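Those sequence lines, one after another, are chains A and B. The first sequence runs 48 to 164 under the numbering used here. The second sequence runs 104 to 217 under the numbering used here.
Hints are computed from structural coordinates only; laboratory data are not their basis. As the structure is a computational prediction, the values presented were derived from the model and not from experiment. Misleading hints may appear alongside valid ones.
[Claimed, not checked] Here are some chain B residues pointing at chain A (derived, C-beta under 8 Å): (1) V107; (2) G145; (3) G209.
[What the hints assert, rightly or not] Residues from chain B shown here face chain A by an in silico Cβ test under 7 Å; the list is partial: (4) Q144; (5) F148; (6) F168; (7) G188; (8) A191; (9) E205.
By construction, the Cβ of each residue, glycine as well, lies at the ideal position given by its N, Cα and C atoms.
Each chain, written out:
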Amino acid sequence: AQSVAQPEDQVNVAEGNPLTVKCTYSVSGNPYLFWYVQYPNRGLQFLLKYITGDNLVKGSYGFEAEFNKSQTSFHLKKPSALVSDSALYFCAVIKIGGTGGSYIPTFGRGTSLIVHP
Amino acid sequence: DTGVSQDPRHKITKRGQNVTFRCDPISEHNRLYWYRQTLGQGPEFLTYFQNEAQLEKSRLLSDRFSAERPKGSFSTLEIQRTEQGDSAMYLCASSLAGLRDEQYFGPGTRLTVT
Numbered sequence: 048a049q050s051v052a053q054p055e056d057q058v059n060v061a062e063g064n065p066l067t068v069k070c071t072y073s074v075s076g077n078p079y080l081f082w083y084v085q086y087p088n089r090g091l092q093f094l095l096k097y098i099t100g101d102n103l104v105k106g107s108y109g110f111e112a113e114f115n116k117s118q119t120s121f122h123l124k125k126p127s128a129l130v131s132d133s134a135l136y137f138c139a140v141i142k143i144g145g146t147g148g149s150y151i152p153t154f155g156r157g158t159s160l161i162v163h164p
Numbered sequence: 104d105t106g107v108s109q110d111p112r113h114k115i116t117k118r119g120q121n122v123t124f125r126c127d128p129i130s131e132h133n134r135l136y137w138y139r140q141t142l143g144q145g146p147e148f149l150t151y152f153q154n155e156a157q158l159e160k161s162r163l164l165s166d167r168f169s170a171e172r173p174k175g176s177f178s179t180l181e182i183q184r185t186e187q188g189d190s191a192m193y194l195c196a197s198s199l200a201g202l203r204d205e206q207y208f209g210p211g212t213r214l215t216v217t
């Protein structure tokens, strides 16, 4: 079985400061990893994904994430936070390979990011 | 805007009634997914289609739930004999075939069962 943990329900950061939203995963094999963002009254929006290759992945709106296989983590980062980044962030994992070829992502519970002016 | 659309956005129903939700995916996407999301949780997978074929269903999808995608385009999710525990946000997402493809989500249908 695959699972995702987002250990922080809420992250608070001041505008202009760097931000990190944590994600760890558990999967019996190699993972595909995703970050999505959900703004109030909007659907989830794709931010970035890790498939293979460079461990540092760059995505939309200046966000990036670092894949760390030894720590089974995929933390979301941004060098300088904006108030408009305030939203709910979800990490998701898909297991690669195995039999059956499941394409179903498992999502974390989400982390609420609050950026203060 | 040619994104994923869902209808209705909100539905209030009495326990025991049947409800049906519709999802229109991005036109060139051949995969369509249904999820359920409750407060404080991430989306939980219910079922998915590749074209018109329903390929996988979660154990969350009891026999009161049925989903169709008759022509490989829009999809419907029906809940029969609704229960209060069915109250949730129902999300639809679509993607192109391929494990690497990110999903595009609709705004969701919020169901309240009274």
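Give me the numbers of the hints this structure contradicts, sorted from smallest to largest. 6, 7 and 8
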